[in-house]
Amino acid sequence: MFTNILIWFVVIPVIMMIGLGLCRNSGMKAIRAVMVVGSTALLALAIWLCVQFLQLRAAGVDDEMLFTGSWLWYAPLNIHLAVGVDGISVLMLMLSAIIVFAGTFASWKITPLPKNFFLWFCLLSTGVFGFFISIDMFTMFMFYEVALIPMYLLIGVWGTGRKEYSAMKLTLMLMGGSAFLMLGLLGIYWHSAPEGGQCTWNILEISHNASIDASWQYMLFCFTFVGFGVLGAMFPFHTWSPDGHACAPTAVSMLHAGVLMKLGGYGCFRIAIFLLPQAANELAWIFIILTGISIVYGAFSACVQTDLKYINAYSSVSHCGMVLFAILMLNTTAMTGAILQMLSHGLMTALFFALIGMIYGRTHTRDIRQMGGLMKIMPYLGVCYMIAGFASLGLPGLSGFVAEMTIFFGSFQNADLFHRVFVICATASIVITAVYILRVVGKLLLGPVQDKHHLELTDATWWERFSTVTLIVCIAGIGCFPNWINETIQHSFVPIINAIQAAV
Amino acid sequence: MDLSMLWYLVPSVVMLACGVYGFVTRKNLIAILISLELILNSADLNFVVFNRYLFPDMMEGMVFTLFSIAIAAAETAVAIAIIINVYRAVGATDINIVNKMKH
Amino acid sequence: MGITLPILILAIPVAMFLILGIGGVFMSRKTAGVLGILGMGTTMTLAYIVAFTYFFSGSPEFIVEGVRQQVQLFDVTWLAFTQKLVVNIGFILDPISAMMLVVITTISFMVHLYSWGYMEHEPGFQRYYAFLSLFSFSMLGLVVATNIFQMYIFWELVGVSSYLLIGFFYKLPSAVSASKKAFIVTRFADLGFLIGILVLSYYSESFNFITLTHNPESVLMSTGGATFMGCSALTWAMVLIFVGGMGKSAMMPLHIWLPDAMEGPTPVSALIHAATMVVAGVYLVARMFPLYCVVDASLTFVTCVGAITAFYAAVVACTQLDIKRVLAFSTISQIAFMMVSLGVAYDRPIEGIHYTGLGYMAGMFHLFTHAMFKALLFLGAGALIHAVHSNNYTKMGGLRKYMPITHLTFLIGCLAIAGIWPFSGFFSKDEMLAAMFANHWFWGAWMTMVAGLTAFYMFRLYYLIFWWDENPEYAEHRPHDAPWQMSVPLIFLAAVSCVAGFIPFGELVTWNGEPYHIHIEGAVAATSLTVAVLAIALATVMYRKKNEWPARVKNMWPGLWTAAYHRFYWDEIYMFITHKIIFGGICRSIAWFDRHVIDGAMNGMAWITQKTSFAIRGMQSGQIQAYVLWYFLGALLLAAVTWLALI
Amino acid sequence: MDYSQFGAMIPELIVLGIFLVVFFADLIAGDKSRKCFLTPLTTVLFALGTVAIWVIPASGETVFGGMYVNDSATNAIKAILNIGVFIVFLQSAKWVESDEVAIRKGEFYELLLVTLFGMYLMVSARHFLLFIIGLESASLPLAAMVAFNKNHYESHEAAVKYIMTAVFSSAILLVGLSFVYAFSGGSLYFQDLAVTIQTGSMSGLLIVALAFVIAGLGFKLSLVPFHLWTADVYQGAPTAITSYLSVISKGSAAFAFFIIFTQCFGSVYSDAWEWMLYAVIIATITVGNLFAIRQKNMKRFMAFSSISQAGYIMLGAMAADTLGLASMIFYIFVYIVSNLGAFAVISTIENQTGRLSMDDYNGLHKTNPWLSFAMTLAMFSLAGIPPFAGFFSKILIFTSVTGTGSMALYMLVLIALINTIISLYYYLLVVKAIWISPEAPKVESFRSDCGSRIALWICVAGIVFFGLVPYIYQYCVSSVEASAGFLSMFGV
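Protein chains in written order, with my numbering: chain F, -7 to 496; chain L, -17 to 85; chain U, 5 to 651; chain V, 4 to 495.
Hints were generated in silico from the structure; no laboratory data involved.
Check the hints yourself; a few may be wrong.
[Claimed, not checked] Below, computed lysine-lysine pairings styled on BS3-like, alpha-carbon distance capped at 25 Å:
| no. | chain 1 | residue 1 | chain 2 | residue 2 |
| --- | --- | --- | --- | --- |
| 1 | F | Lys368 | U | Lys175 |
| 2 | U | Lys175 | U | Lys88 |
| 3 | V | Lys153 | L | Lys9 |
| 4 | V | Lys35 | V | Lys445 |
| 5 | L | Lys82 | L | Lys9 |
| 6 | U | Lys399 | F | Lys444 |
| 7 | U | Lys549 | U | Lys399 |
| 8 | L | Lys84 | V | Lys153 |
| 9 | U | Lys550 | U | Lys399 |
| 10 | V | Lys153 | L | Lys82 |
| 11 | V | Lys153 | V | Lys35 |
| 12 | V | Lys369 | V | Lys299 |
| 13 | V | Lys153 | V | Lys97 |
| 14 | U | Lys550 | U | Lys405 |
| 15 | L | Lys9 | L | Lys84 |
| 16 | L | Lys84 | U | Lys615 |
| 17 | L | Lys84 | V | Lys97 |
| 18 | V | Lys369 | F | Lys21 |
| 19 | V | Lys35 | V | Lys97 |
| 20 | F | Lys101 | F | Lys21 |
| 21 | V | Lys299 | L | Lys82 |
| 22 | F | Lys101 | V | Lys97 |
| 23 | U | Lys405 | U | Lys549 |
| 24 | L | Lys82 | U | Lys615 |
| 25 | F | Lys444 | F | Lys368 |
| 26 | U | Lys34 | F | Lys368 |
| 27 | U | Lys615 | V | Lys299 |
Kindly generate the complete structure, drawing on both the sequences and the hints.
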C-alpha cells in the first residue's frame, strides 16, 4: 500500500499531525519545523509526481488513470480505498501542495494556539489531497467532508470580525451541499452496475458500466451538481463565501479559496458530468444559466464592496462561476480552460488573501476607504497586490488570461444562440473585473496616504516574501508557458468527452 | 345463549378508553395508576377473549394474561414506591407538582 | 534572415524590464538610465538592421518579382485551444511591421534619451525606465504579431503599460483616476475585439494573419451565410475587431480616455499617446485590411467613425487651454484621418482604376510622419512644461526668445502637421486627401476642412505659446532651453519631420507589397495647401499679439465655445452612465440583493428553524398527562393515516 | 424439561452470574469493605464477562421451542451493549463513591445488571411472551435507577414521569399485542406469526395493532411522538443512568424492533409499517433536532440529540434486510462510543464541579484541553463528520436504506441528510462554547478520575478507529449473515 506514491499525499499530513501532536503548545520552533518540513515534502512529492506522470505519458502510457491502487476497505458495500491520478488531479495536487506550502509561511506567526491551528490546517490538507487522489466515490466524499469541517474551527477560533456567524454559516451551507451530494452519490452507487451486477463506488468502473438510466441521471445530476456547486460558490448558493472568506484567517482563506473551492469544480467534472453524461447533455442549460449569473453577478457585487476580503470573495464567486460555466460547455477546450482557471484562480486568490492578511496585519483594517497610498509605504506588498490584481483581470503573461481565453474560445464552440449569449455575458465580466480591481488598486495602493499612522508601517518580512514569491512565480509560470499544462491534461478529457458524445 | 366476541371486546375498548381518559384527566398520581390498571386489564381481557373464541384449543393467550397480570403488579409496586418517594419529597401526590422540568 | 535578431528585438526590452523592475531598487538612477537607454539603443539598431534588410536587401526571401513578401521569421506554439485553433507567438516581417519597428524603436529611443533629462528629479526613476521597456516590448510584440491572438495578447500588455505609465505619479489622485479610466475604456473596447476574434476564429478556424488575409474570400465563405441582425458574421467580426481599435486609437465615442491620459509624464505621452500605441487601431485595420475589403460595410463604418472623430477632435482642440490636451485632441483627429484614409481605400474600381493602394499607403505614410512630428510636438511641449512648470498656456507666451531651440523645432512640428510643403505632413496628408477625393468628393471636402482646422488650432497653440504676451512670472523664474538629453531628440525629430516627406514611401509600404508610385495630385495639393495657409493666416491674425479677437469670437457663439471647451460633455455622459447607472444602479442593487435577498434567504431559513423550535416547545410541557395524550393520539393518528392511505 | 437448554443462554448466564456474585458480595460485606472492593469487583468481573461474550461463539441454538435464540447477530449486539455498559461502569465509578450514593452502590450495580439481563432477553426473544418479560425487566428497574439520587427533587420527578409513561406504554404495547394475537394462529412465536400475517390479512385492526406496537417500542427508543418523557427523565436522572438510558436501552430496543418487525410483520412491510415508520422517523429526526437547538442544559441537550439519533438508527429498520441490520448494529456501536464519550465528559465535569450548563463550557479548552478535545471528537462523531466513526455509521445506514431503490426512501434519506445540518448546528454550538467563546473559563482545571479517563480513552479510540478500521462493520455484517437462517427474512 505504501509503495503507491499517491498514498503519501495523505500519509504525510497525517504524520505532520502526529508530529504536531508531539510538540508542546508553546514550542513555536518545533511546530514551524514540522510544518515547513512537511509542506516542503508535500511540494516535492507533488513535483516528483508531476515529473513521473509526464514521463509515463511521454512513454506512451495512455491509461485513464495512472499510479492506480485499490485496497478493499468495506467489503460488504464494495468500498475501496482506490487511488489514481490523471493530468487534472496531478495539477490539482500540485496546486494544493503549493498553497499549503505558501500558507504555512503566511501563517508563520499565528496566534493563539499555533499547534491547534496547524493541526486543523493539516487535517484540512489531508482532506484536500485525499479528495484529489481518490477515484472511489466513497473515499472521495469522505475526504471532501474531512476538508470541510476544520474550516469551522479555523475560522471560529482564529478568524476576525463576525467569525462565529460566518464560520457557522459556511459550515452549514457547505454541509447542506454535501447532503445533496451524498444522496447523489448513493444513487449513483446503487445504479452503478447493470441489473444483478456488483455495485461499485469506483468512478472508472461506473463510467465503463454506464448503466444509470436516463430518468435517474436527471435527478442524480441535479443533486451532485448542486452539491458540488455549493462549494464552487454557484449562484444562489454562494453567500457562505463572502462572509466566510472575510472572517477567515489568512492561511485558511488561501487554502479555502485556493483549493477547497476547486473541489467543487473538480467534483462536478469528475462525478456529475463524467458519470451522468446524458443528464449533463440535457440539463446543462439550467446550470449554465446559474453559473452565467454567478459570473456577472459576482463581478458586479465586487464593484461596490469596501472590505478587501469581500471584494475578493465576490471576485471568487465570479471566477469560480467561470470554472463551472466552462465545465458545462462539455467540450475539451472549455474544460481545459476550466482546469486552467482552477489553477489560476487558486494561485491568485491565495496570493490575494495572503496579501490582504499581511496588509490587515499591519493596518488593522480592511476597509479600503481607510487606506490609501500604501504603495509608497510598503512597496513590496503593493507590487505583489498589483500583480495579483493583474492576474485577476486577465493580463497576458499571468495565469488568469490563459484560463479565461481558453474558456471563452472553448465555450464559443457551441454554436447556438443560447450558448453564445451566455458566453458573451461571461466575456463581459473581464471588463467588470478590471473595474473593481483597478478601483481597489487605486484606492488602496495609489493616491495620497489616508492615515498618517500608516507611514510607520513596515514592508514584508522574509517569510511573507517567501510565501508571495512562490505564488507569483507559479502564476507567471502558467501565464507565460501554458501549453505544458494543456499537454498534461489533454489525455484526461478523452474518456469524459467520449462519455458525453456516447450519451447524445 | 352464545355471546359473540364483540360483547367482550366492546367493554375492553371502553376500558381502554376510560383508562386513557382517566390518565389524562385525573390529578392524583394514585388515581392515574388505577387508570393504567384499566388499560392493562383491557389488554388482558383481549388476550383471554381472543384465545377463547379464536383459538379455543390453545392456551397462549391465557398464559400471556397471567404473565401480564404479574407484570402489572410489579409495575404498580414500583410506581407506588416512587409515588411515595415523591410524597416524601414534596408532601403531595398531585400530578401538577411534578412538572418542573419542561421545554 | 535568422531568428536571432527578431528574438533579440523582443528579448532585450523584456530583459530590461525585468532587470530594472526587480533590480531597480538596488541601482542608482544613473545606472538605471544608462541601462535603459543602452538597451533601447541596441534594440533600435537591431530593428533598423531588420527593417533595412527587409526593404533594401532585395533578398528573394523578402521580395519576389518586385512584390514584397510577408515572412514569418519564427512562429512557435504558445497555447493550443483546439487542433486547429493554435495560438502562436511569432515574428512577422512585412512592409508595415518593418515600418512600425522603425517608428517604435526610434521614438522609444528618443523618449528614453529625453526622459533622462526630463525625469531626472522624479522619484521612481528606475521604475519609470522599467515601464518604458515593458511598453516597448509590448508594442514591438504587437506589431510583429503573426496572428490576431498574439496581437490581442500584446494589445492587452500595451494597455497595462499605458496604465502604469499614465499613473506614474501615483500619489496624484488625478493621475490615478486617469490611468484607471484609460485602462477601463480600452478594456471595454477590447471586449469588442475579443468577441470579434471569437467570431472570426470560430468560422475561419485560424488566427494566423497570413492564412486569413491571403484568402479573404474563403473566410467569407466559411461563415456559410451566417447572419445576425441583418449583417453577416464576418461583418460583425470585423466591426467588433475595429471596436477594439477604436478604443486604443481613441475614436469617438471611446476617445474620452486620451485627453485624461495626459496626466502621465510628457515623454510618455509622446511615446504612447501620440506616436505608437494610439495608432495600434490603425495598424490593426491595416493588418487585416484584405478582410475588411471583402465586407466593405465594415470599411464604411471605419470611414464614418474616422470622419466624425476627426472633425469633433479638431473643433475641441480649438478651445482647449492645456497645451497637452490640444495635442491630445490633435492626435485623435490625426489618427481619425488615417482611419478615414484606410476606410476609403477599399477595392472599388472607379473609372477602371483600383484605388485600393492609395488610401492604405497614404494612411501608413501619415502614420509614419505623424509619429515623428507628433512626438516632436509632445517632446517640445515637455520642454515647455519643464521650463514653466505648467501645462496651461496662460502661463506661457512670448517664449520664443527664451527657448530658441524649442521654438524652432516646435514650429517645424506645427508646419508639418498643418501640411505645409516641404514638411513631411504635406506629403502624407496630400496622399490621404487624394485617396478620399477619389472615393467620394464628400470625404475629400470634409477632411480638407478638418485639415484646415488642424492648421488653425496648431498655430493658435504655437502663437499663444511663443508669441502673444509674455508671462510676468518669467522675471523671477526665467525659462530656458532644455538640457542636451532633451534637445537632441527634439532636433533629431525635427530633422526627420523636415525630410521624411521625401521618402519614396509608396515603393516600400503598400497593401499588397507591389510598389506604388507616388505622384502629387496637383488639384488636391493646391486645395489643401491653400486651406492650410488661410487657416494659418487666420491664426496669425487672431493670436500673434495679445488682442480682443479671441474673446470676441468666443462671445459670438458662447454656447458652442463652452460646449467645445467641455468636449461636448462626453465625460459627463460617461460619468453619468458609469457612476449613476452602473455603480449606483446595477452594482449597488446587486449588492443589496445579495445581502438582503440571497443572504436573507439563508439567514431566513435559520431563523425559521429557530422560530419553529420555539413554537413547538409547548409540546414538551412537563405534564405527564400531556405526554401520554400526545403518545396515545400519536399512535391513533399513525394508525388512522395509514389506514386512510391504504384505502 | 431439558434443563440443558439453559446452557444455550451463555450471555444471559454470564450476566446472571455476575449479578449473583455482586448481590451476595454486597449482602455479606460490611460497610467498609464494600466501599473499597465492590466497584473494582463488578467492573473487573464485567470486563471478563464481556470478553467471554465476545470470545465464546454463538451457539446458534434455538431453545425453549423457539422462544429463545442465541445466534451470532444477537450475540454481536449483546457484546456491543456490554461494552457500553462497561464504559458506563467506568465513568460512574466516581459518582458511586460519592457520599450520597456509596451506601447504595451495590443496588446500582444490581439493578443495572438486571436491566441488562432484560435487554438480553429482549433481543434474543423469538416469542412475544419472552419479549415482554425482557422488556419489562429492562424498564422497571430503570425507574428505580432514575430515582437513585434520593436527595434531588429532579430525580423524583424524572422517576415519576418515567414510570408513568413506561407503564402506559407497556399497557399500550400489550393492547397492541392482544390485537396481533387476534391475527395469529393462536401462537405468539415470531415464525408462526410470520406465516399467518400476510398481505391479504391487512385490516384496520392490524394497522392499529402495528401502530400500538410501534408506539410501545417507540417509547423505549424515544421515537416522536412517543418521546416526550425522554428529555425530562434524562435531565433528572443521575448522569450515569442517563448515559445508560441513552445508549444501551435504546440499542437493545432498536435491535428488538428490527427483529420483531422483520420477523413477524415482514410480509406487510410495504403495506403498512414501512410508511408508519417513515413518518415516525421523519418526525423523530426533525423534532429531536428542533428541540435540541434551544437546549442549554447539557443532559437535556443530549436527550434531544439522542432522540434524533434514534431516528437515524431506525433507518436501518427501514432497510429491513441484512445490510440494514448490520448497519444498524454498527450504528448502535458507534453511537454508544460517541454518546458515552460525550457523557463521560459531561459526568466528569458534573462530578468535579457540579456544572451542567452549556455556558459553563465556555472557554473550556483553556483549562481542560483533553476533555475539550474528547468532547469535540464526540460531537463531531455524533454529527457525522469524517474521519470519525459517526460519519461511517451514518453513511452506511444511508446506503443500506437507499439500496431498495425506491424513490420514497431516497427522499427519506434526503430529509435525514438535511437534518444532519441542523444537528451539526447544535453540535457545533458545544464546540463553539468550548473553543471559540471568548469568555473566561468557568470550569477550573482539574484532573479527572481514573475510571472516567479510561472510559474516555476507550471512547476516543472508538470514535477515531471504528470508522477507519473496517473490521467492526465487517463483524456486524458477518454475524448478521451467519444468523440469516434464524432471521429468515420474509417478503421484504
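Failing hints, ascending?
Hints 2, 4, 6, 17 and 22 are the ones this structure does not satisfy, whereas the remaining hints hold.
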